[in-house]
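Got chain A; can you put chains B, C, D, E and F on it based on the hints?
So the chains spell out like this:
Protein chains: 6
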Amino acid sequence: MKISARNVLEGKVVKVTKGATTAHVVLEVAGGAKVTASITNEAVDDLGLKVGDAAKAVVKASDVLVAID
Amino acid sequence: MKISARNVLEGKVVKVTKGATTAHVVLEVAGGAKVTASITNEAVDDLGLKVGDAAKAVVKASDVLVAID
Amino acid sequence: MKISARNVLEGKVVKVTKGATTAHVVLEVAGGAKVTASITNEAVDDLGLKVGDAAKAVVKASDVLVAID
Amino acid sequence: MKISARNVLEGKVVKVTKGATTAHVVLEVAGGAKVTASITNEAVDDLGLKVGDAAKAVVKASDVLVAID
Amino acid sequence: MKISARNVLEGKVVKVTKGATTAHVVLEVAGGAKVTASITNEAVDDLGLKVGDAAKAVVKASDVLVAID
Amino acid sequence: MKISARNVLEGKVVKVTKGATTAHVVLEVAGGAKVTASITNEAVDDLGLKVGDAAKAVVKASDVLVAID
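Just so you know, the protein sequences line up as chains A, B, C, D, E and F, in that order.
Quick note on full-length UniProt numbering: the first sequence kicks off at 1 and runs consecutively.
Quick note on full-length UniProt numbering: the second sequence kicks off at 1 and runs consecutively.
Quick note on full-length UniProt numbering: the third sequence kicks off at 1 and runs consecutively.
Quick note on full-length UniProt numbering: the fourth sequence kicks off at 1 and runs consecutively.
Quick note on full-length UniProt numbering: the fifth sequence kicks off at 1 and runs consecutively.
Quick note on full-length UniProt numbering: the sixth sequence kicks off at 1 and runs consecutively.
Wrong hints could be hidden among the right ones.
Copies of one chain are not kept apart here, so a pair can be met inside one copy or by any two copies together.
Once the Cα atoms are required to be at most 25 Å apart in a straight line, the calculated DSS-like pairs of lysine-lysine come out as [said to hold, decoys possible]: (1) 2 <-> 18; (2) 34 <-> 12; (3) 50 <-> 12.
If you're looking for bench data, these hints aren't it; they were derived computationally from the structure.
In isolation and in its complexed conformation, chain A is listed as follows (with noise of 0.2 Å):
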């Protein structure tokens, strides 16, 4: 599946939340950034992420902000 999306950021699971119903995923990006996503319990499930894991962080354009010092 190829995704609109223009931010596709290539990682790995380094750690997963799973609260009631929204799991918080982190994964170590590029560089060694850490990226956190907020998904459903169900795609944790669905996707099977587990620590290790390789993983994308996907971003639509449209909701990355931009700061400056």
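Frame of chain A, contents of chains B, C, D, E and F only:
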């Protein structure tokens, strides 16, 4: 200003493309990945964004999808 | 690629309108409903989207509001 | 109330799962597709959502990604 | 129509700027604050939005970030 | 830090509700309107948010819908 977004990726502006109302700003972040932000033209002017500037890509955890091959 | 988004609606491209930076792509999905996506012009070119193509509308659960009359 | 969102899919509530703060509401929309919304528990109570209710899935065009195989 | 979004701010349209596909609509809400919405040109036409109209800014709780100085 | 989001509403924290992974933070902004943010528990801890604190609701223009009666 400190923000609740879990994802703040340090980078540098490498491209700014203004449309009629919406601009695309591309940042090169750690590890060399490119991140595209779709923001308003006013935001580009307000932050005075231009190629070479240090800038951060800010993404709320709830706006990050996870994908696997 | 498998994605965490809970909503993946199979459909067909029925209209593509490119703006200066942002394009509107209308898909007809199951049951005949029309779904409009606002994506970047680059995404349209990258996916080579044109009328008649099979395509999916992908929406994160956290981006769906619920309304009642 | 009339809303700017381009995507308003008529449907029926088929599942409501409340978490600690976030609820997942699944609607069956035209053509039988299922759409999952992640909304606050307060919203579920405020709208009195329960299985069998008529309800609409509302999605802003800028929150729809497009994917192809 | 009643909607799940937790944030519905009553206001008045003070500016409408149409782009090629995307429009910016500025509302003045209670307390005099200005809120900018980026919506489709079709939405502006569909709602017949023009300066002086009563209108509401609707924002899902999951789209609100919090910041502190 | 200066941010591209067009909507930065000054306010005060009036309620913080932590869930299993997701917290709801309610701010009272100018004019007395209440704005609810759904953010991660980590963000609440990271910003040390508590009732009475000065805080801003930050919303990207592309995340604001417009509605009329």
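Consistency of the hints with the structure:
no.	hint	result
1	2 <-> 18	between (28 Å within a copy, 20 Å between copies)
2	34 <-> 12	both (10 Å within a copy, 18 Å between copies)
3	50 <-> 12	within (9 Å within a copy, 32 Å between copies)
Comparing the model with each numbered hint stated earlier shows that all of them hold.
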